[in-house]
Structures are given as structure tokens and as C-alpha cells.
Amino acid sequence: VQLQASGGGLVQPGGSLRLSCAASGIIVAMGWYRQAPGKQRELVADITSGGTTNYADSVKGRFTISRDNAENTVHLQMNSLKPEDTAVYYCNVGRQYAGRYYSTDVWGQGTLVTVSS
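Numbering (the working numbering), first residue to last: 922 to 1038.
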């Protein structure tokens, strides 16, 4: 499976962006990660085949992950963006076990999100 991430850009604090990750095949589970300069990559949100979602505490209530099975695409709607959300965002094809997402080594190319006035 290959992944194509899109939707990053420059946005002012309080603004919104929608990231998309299109897969070349069927997705079982997927996660969105981010990596800010000088920091480790962190899980932002994930979604299973049944639509169960999980979010990092820092984005709960602001970000929403969703999936379009017909298009093999997963979206990350990001609202009320803050400067600390600035990072390169990566999607990851996951495997699923006991109803939970687990990462694999299949990554999208990353898309830069910059939140600044």
C-alpha cells in the first residue's frame, strides 16, 4: 500500500485545515502523527476499520479523524489550531488487533502544517 498525504499549509491561530491521506489499497486502520522541529514523532489520532477513534490529549475536542472507505481515504479535520500544532504531519497504515490500531512501517510522505500569524 502506498499513501499520499495532502492538505497542509499556513493558517492563522484559531483557523482550520483538513488533511487527507489517500491509500492505493484498502485501509484497515490508520493513524496520523506529527513531528515538530527538535521533537519526537507523536501520535495525533487513529481510526480502526469499525470507526473507533483515539486522540492525543492535546488535540481532543479540536481534531476529528474520519474515513471514506469508498475512496480509501482518511481525513484529519483540524480546528482551533494553535502555534504548537505546527509540525510535519504523517499518515501511517496500521494493523488492527483487539479493536485497536497499531502502527506499521508504511508512511505517507508528510505534509507541513504551519500555524502562525
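Hints in this document: simulated from the structure, not taken from any laboratory. Note that this is a predicted model, so its numbers are computed, not measured. Each residue gets a CB set at the ideal place from its N, CA and C atoms; glycine is no exception. Any given hint could turn out to be false.
What follows is a list of derived Cβ distance ranges for each label pair [what the hints assert, rightly or not]:
#1 S1038 with Y1018: 38 to 48 Å
#2 P1004 with V922: 27 to 37 Å
#3 I947 with Q1030: 18 to 28 Å
Computed cross-link-like contacts, DMTMM-like style, restricted to lysine to aspartate or glutamate with a CA-CA straight-line distance of at most 20 Å [claimed, not checked]:
#4 K960 with E1005
#5 K981 with E992
#6 K1003 with D978
#7 K1003 with E963
#8 K981 with E1005
#9 K960 with D989
Item to check | Contradicted hints - numbers only | outcome: When the structure is compared with the hints, numbers 5 and 9 turn out to be violated.
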